[in-house]
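Given these sequences and hints, build the entire structure.
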Amino acid sequence: MLAFVLIGTLPLHRYYRLSVLRQPMRLLMAIAPVAVVFITWDLLATSSGQWQFDPAQTFGMRLWGLPLEEYAFFVVIPLAGILTFEAVKVVREGRRSA
Amino acid sequence: MTSYAVAAGVAVLVAILADLVLLRTALTRSRTWWTAYGIVVGFQLITNGWLTGRGIVRYSDEAILGSGHIVFIGDGRIAYAPVEDLAFGFALVLMGCAMWVWTGARIRPPETPSSA
Chain A
1 MLAFVLIGTL PLHRYYRLSV LRQPMRLLMA IAPVAVVFIT WDLLATSSGQ
51 WQFDPAQTFG MRLWGLPLEE YAFFVVIPLA GILTFEAVKV VREGRRSA
Chain B
1001 MTSYAVAAGV AVLVAILADL VLLRTALTRS RTWWTAYGIV VGFQLITNGW
1051 LTGRGIVRYS DEAILGSGHI VFIGDGRIAY APVEDLAFGF ALVLMGCAMW
1101 VWTGARIRPP ETPSSA
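The listed protein sequences derive, respectively, from chains A and B. Numbering-wise (the working numbering), the first sequence opens with residue 1 and increments by one. Numbering-wise (the working numbering), the second sequence opens with residue 1001 and increments by one.
Everything labelled a hint here was simulated from the structure, so no lab data went into it. We put the beta carbon where it would ideally sit given N, CA and C, even for glycine. Errors might be hidden in some of the hints.
One-sided and incomplete, this derived list gives chain A residues near chain B with beta-carbon spacing under 8 Å [unchecked claim]:
(1) V5
(2) R26
(3) I31
(4) Q52
(5) F53
(6) P78
Away from chain B, derived, C-beta distances all over 10 Å, residues of chain A [what the hints assert, rightly or not]:
(7) F4
(8) Y15
(9) Y16
(10) A45
(11) G60
(12) L63
(13) Y71
(14) G81
(15) K89
As structure tokens, then:
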């Protein structure tokens, strides 16, 4: 699922000549606080049984009770959102100047 | 208890508050962000439908508005996922984009588009 998201969004970077991935520090500062907040939420929700992950369909490795790929989720999804946002911005600006 | 429903609702409010008041990025007032979100939410229905329809993630019937049965639509679910997930995703993507715009104004001077 995460690979599908990346395959769908990473090409936007090249196609629209975005500079998102050339700003790793900015990306880190944007995504890290959001990821920390949502991972905390996830940890609380999982430990209180609001939701759970199927052990048969996730990698076995767990960190504080969450599958490792769940942590990657909170990096990949904001990144995909940012790439989509920047791509839409390029399209809209192009249309305005045309 | 619908605890996830409550938390998801709070998250949406916090995200909008952050966008409009704390970070003053005002993405929820821009057509660009809503267009991007429209694209994102379409893909969320697909990817999240995969995660929830296959039971990779399972929800306690006590935490959500629906009854906990996995159905495609209805009973508090859209494309297999609890509607609360839409609020969760909205807050996550809005917060990520708002932080991105906010840091952009601080880390490096805003790039002036040549077309402007």
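Inset, instruction - Could you check that no beta carbon of chain B comes within 10 Å of the beta carbon of A:Y15? - result: 14 Å, holds
Legend entry - Interface hint for A:P78, Cβ within 8 Å of any Cβ on chain B: 3 Å, holds
Legend entry - Least C-beta distance between A:L63 and chain B, which was stated to exceed 10 Å: Correct as stated: the minimum Cβ-Cβ distance to chain B is 17 Å, above 10 Å.
Legend entry - Interface hint compliance - A:I31 to chain B, C-beta minimum distance less than 8 Å: 6 Å, holds
Legend entry - Given as non-interface: A:K89, partner chain B, CB spacing beyond 10 Å: 5 Å, violated
Inset, instruction - With a cut-off of 8 Å on the beta carbons, see whether A:V5 makes it to chain B. - result: At 6 Å from the nearest chain B Cβ, A:V5 passes the 8 Å test, so the hint holds.
Legend entry - Minimum Cβ-Cβ distance from A:G60 to chain B exceeds 10 Å: 14 Å, holds
Legend entry - Restraint check, 8 Å cut-off on beta carbons, for A:Q52 near chain B: Holds - the Cβ of A:Q52 comes within 8 Å of chain B, reaching about 5 Å at its closest.
Legend entry - Non-interface claim for A:Y71, where every Cβ of chain B lies beyond 10 Å: A:Y71 is indeed farther than 10 Å from all Cβ atoms of chain B, at 14 Å.
Inset, instruction - Would you check whether A:R26 satisfies its interface hint, that is, whether its CB is within less than 8 Å of any CB in chain B? - result: 5 Å, holds
Legend entry - Check on A:G81 being off the interface with chain B, judged by Cβ distance over 10 Å: 4 Å, violated
Inset, instruction - Taking the shortest Cβ-to-Cβ distance between A:Y16 and chain B, state whether it exceeds 10 Å. - result: Holds: least Cβ distance 12 Å, greater than 10 Å.
Against the hints set out earlier in the document, violations occur for numbers 7, 10, 14 and 15.
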